[in-house]
Amino acid sequence: MRELGVGKPVRRVEDDQLIRGFGNYTDDDVPNAAAFMHVVRSPHAAAKIAGVNSTEARAKSGVLAVLTADDLEHMNIQPIGSKVPYARAGGEPYLATPYLPLARGQVAYPGDAVAIVIAESPGIAADAAELVEVDYELTDFVTDVRAATAESALRVWSDHPDNVCFAADCGDADACAEAFDKADRIVEATYEISRIATVSMEPRVATGSFDRRSGRYTLRAGLQMPHETGRDIAGALGISPHDVHVISPDVGGGFGMKLALYQEYILVLIASRITSRPVRWMSTRSESFQSDQQARDNVSKVALALDAHGQFLALRVKTLANLGAYVGQWSLHVPGGNVGGLAGPYTIGAFDVSVTGVLTNSVPVGPFRGAGRPEASYCIERIVDEAARQMNIDPAELRRRNLVQPDAMPYDTGLVFTYDSGDFPAILDKTLAASDWDGFAARREASERAGKLRGRGMAFVIESAGGPAPRAFDEHVELRFDTSGVCSVMAGSHSHGQGHETVYRQLAAEHLGMPFDQVRVIYGDTQAVTHGRGSFGSRTMMAGGAAFIGAAQKIVEKGRKFAAHFMEVDAAEITFEEGIFSHAASNKSMTMSEVAQSSYIPFILAEDMEVGLWASCASSGGGITFPNACHISEVEIDPATGTTAVASYTVTEDVGNVVNPLLLEGQIQGGVAQGLGQALMERIVVDPDSGQQLTGSLLDYALPRADHINRIEVHSHPVPTALNPMGSKGAGEAGCVGALPAVSNAVCDALAREGAPMPDMPFSPERVWRALSQANAKRQSA
Amino acid sequence: MYTFDYKRPNDTAKAAELLKIEDDGAIMSGGMTLLPTMKQKLAAPSALIDITAIADLQGIDRVSDDTLRIKACTTHANVAASDEVRLFCVALAKLANGIGDPAVRHRGTIGGSVANNDPAADYPAAVMALGRTVITQNRQIAASDFFVGMFETALDEGEILTAIDFARPTRAGYGKFPNPASRYAMAGVMIAQFADNDIRVAVTGAGNDGVFRWTALEEALANEWGIASIDAAAIDEATLLSDMHGAADYRGALIRAMAKEALQAAG
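Sequences listed follow chains A and B, in order.
Throughout the first sequence, residue numbering follows numbering that gives the first Met the number 0, covering 0 to 781 in sequence.
Throughout the second sequence, residue numbering follows numbering that gives the first Met the number 0, covering 0 to 266 in sequence.
None of these hints come from the bench; they were simulated from the model.
Hints may contain errors.
[Claimed, not checked] List time: in silico DSS-like cross-link candidates among lysine-lysine, alpha-carbon distance up to 27 Å:
(1) 451(A) / 6(B)
(2) 40(B) / 47(A)
(3) 777(A) / 259(B)
(4) 6(B) / 19(B)
(5) 40(B) / 59(A)
(6) 317(A) / 181(A)
(7) 19(B) / 38(B)
(8) 259(B) / 451(A)
(9) 19(B) / 59(A)
[Said to hold, decoys possible] Listed below are several chain B residues computed to face chain A (Cβ distance under 8 Å; list not exhaustive):
(10) 179
(11) 245
(12) 253
(13) 256
[What the hints assert, rightly or not] A short list of chain A residues far from chain B (calculated; beta carbon distances all over 10 Å):
(14) 47
(15) 419
(16) 566
(17) 615
(18) 694
Note that this is a predicted model, so its numbers are computed, not measured.
For glycine and all other residues, C-beta sits at the position ideal for the given N, C-alpha and C.
I would like the entire structure built from these sequences, with the hints used as guidance.
Right, dumping it as structure tokens:
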């Protein structure tokens, strides 16, 4: 089994089935009698709801029910709130929002759910939705995060004192101020990090069923943490978690956006109980732009203090984070929970970091690949490049002077995190060599001869995985052999594209010697899998892998006892290798599958033996880990149109021990694609006059396509962590974290060489062209 | 999408008759604009009259040495792949090959695109620069008179576009800057020169009233066929579109850049 074990580039077992259309996504399995739910959404950024008249909609043929907030009031449903307890500056709790299944009395963003129509078909439901008359009294609104913090700003929620939902400070402001006072150089900038949409290939979908006989609900939906979502739904409805069965089958992309509990998941369940029918809902692409949590949307004022040699003395970062109109379950964690990434791989003398989370009349935000890590890395890596420019030091050299050395591990950064391991100088050297850093001048000249500008950008990023800090969340794995000797891996993690069906098989090959076709991987069903956390924060190999190893060790020990009994030898003399229990002296052996099959035959067992072979383990996790990487990107800009093409991209990753290099490369490349998408083209645009989203479809919201992405060269430099038995650090978000600053730095490098100002992201053709035009105008007037 | 009737006549006269009978019928060719609009509930025709089964509306004919007729329901993919089109004017095939994505190119048709006159569509630039005549079931309309304004054409109510006659240029080229999101043109420039030294430059995607002729460049190129003429020709930015994808001055720059591409392609 070694050729399929840990560390081998095994091709994904999922792909053949998924590509041929044999996937089992939520809407691939709809009960025959299912009715369809349509959500009536607010067309306004802010309004009072003076009344809702649904008489005509209810009367329409084929309509089963129309529900508004008033119809739900007697159910006393608890609002959705933050899963992490952030506070305001004075210490009082964060400002909670009335995030109920349907808006009561007031709508707070365009897309806010006001009513639902349940009908026999999607078409009837949509037509009836137009007959629901909502009497809106328009009110003023605020969508810009800076405007929302102004003293005179109107409040998104009138019962709040202001729009500041929470504020978090960390570091040592006094020490930082002192360092700035004695600095030889202070570099300052303000960075806007655009708001983006996830645009998962499979939109959000849910089917709810209520079973009258058992009094239990079943939710089938594309989720990243089905167990947690089930518990939260039970909490909202005030029922036992046992009465909510959650199934999350194949999922077409989550990226953090599908972590949260959304209103529609509660609504399909309530609607099913009321109509005595299974109820399905599927958002259209337009609806996903209105109702999927969006991401990023920060304004950060960044200042770096350096001494004359370029040593980083202190970093000050003040961030305003736009949270949207409602506080989602993980909305506050994103800007608040990953500020530790601001320290980068560097020794920085002091920090003064504050984050202010602000409510506005816009779509609620949530995690998206990196979830605060790309934002933090963007701030530090942009300002380091800026410092290099101002001090005329090679940006690689400036970074090198400040890297944490391997012998300094474990290293307490002074800002939340303590890095356990890493060899940053080696990774820097490897990436410089792989990207031919020193050959840039010649490539730039070649580009210029072709009428193009060339820029080079580096980002050295480090992030936390498996968090939140300081302790990693647990994960649970149960290994259950059946009477045929096949091993089911019942995993609490959830695969929504990552390839878990492949890597758990690799672990089974490695630790149990099981062939791939003798292993089933089961996840995403709270009734089949006893306990689970789900997949987020680049954690599954660390936590799920550790749980797997724990369970596998128990299986081997149990199996050894069975084998000793069956072979009539001493258990202590049995070795287990490559899936075979062997006893050298007697030349007897049994495979794991044979032992498992025999374990189900009661009359051959000893009296004190329990029937069957199974074991489970919940790894309580070790500490969080710190994947890190050096990214170098080169871009070519066409000055006539401002178009940026990524000419080359090189990454060296330390994600600890690698379970599958092919999957790792795919994770890094996918992450880089999403990061460069945000850097170059993605941005949610809201019309300031109406509060309406102007980028409501893929006609206006630009996503990167295959022809925007050049070869992404991925190298590995694993420095295993001792914090979990896998030695792995997490790879899911790493590519995205590094690409945002690396590509942006490359564009800015090209612009700086032309004396052009640096616009904010995305570095769209128009913004780049405008910056170059300004530089031209300045040159001509000089 | 609202409910509607669906008709698929097999001759143009029948289609015209249906259009007359229906309260609010709509002619559909590829449906690449109409269907998404209906899905968004922004259009609600009582009946779709699908004209793609009409044999007379399919195909490409070289009607004379210097005239190519492309029938209304010819898909972009068929235009792009046609040897007849390539021999006649390779820029026209190239333009067709750059519309939308493969799915759109295999459904969308020249007649649908031209009759719709989307300000960011590619074909209006081809018709304005290379078109001789737009043909309907009732009459022939000079190509230069066809486009009236954004989404507006000289077609009367009940009139069905059946074919377009293109004039053969001695050289022609098309340059397009696609919108990064939609891949519609943010600026598309067709430059064509004809045997009588007539020069036409048509610009799509950038005008605030749809496709237009850039006459300043036509005159400049007549004097001197070269890049310098593009740099020198005036553009009135007040006539250009400004939206979140590009302000008028940027679109002006794109027009120049795409004109250069077109000129280079024309040779």
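Structure-based check of each hint:
1. 451(A) / 6(B): violated, 53 Å
2. 40(B) / 47(A): holds, 26 Å
3. 777(A) / 259(B): holds, 25 Å
4. 6(B) / 19(B): holds, 13 Å
5. 40(B) / 59(A): Cα-Cα ~18 Å, so holds.
6. 317(A) / 181(A): Satisfied, since the Cα-Cα distance of roughly 21 Å is no more than 27 Å.
7. 19(B) / 38(B): Given that 27 Å is the threshold and the Cα spacing comes to 24 Å, the pair holds.
8. 259(B) / 451(A): holds, 15 Å
9. 19(B) / 59(A): violated, 31 Å
10. 179: Holds. Min distance 4 Å.
11. 245: Check passed: Cβ of residue 245(B) comes within 5 Å of chain A, closer than 8 Å.
12. 253: With Cβ-Cβ at 6 Å, under 8 Å, it holds.
13. 256: holds, 4 Å
14. 47: Residue 47(A) clear of chain B: closest Cβ-Cβ about 26 Å, beyond 10 Å.
15. 419: holds, 41 Å
16. 566: Per Cβ check, residue 566(A) is outside 10 Å of chain B; nearest 63 Å; holds.
17. 615: At roughly 48 Å from the nearest Cβ of chain B, residue 615(A) sits farther out than 10 Å, so the non-interface label holds.
18. 694: With a cut-off of 10 Å, residue 694(A) comes too close to chain B, as the shortest Cβ separation is near 8 Å.
Checked against the numbered hints above, the structure violates hints 1, 9 and 18; every other hint is satisfied.
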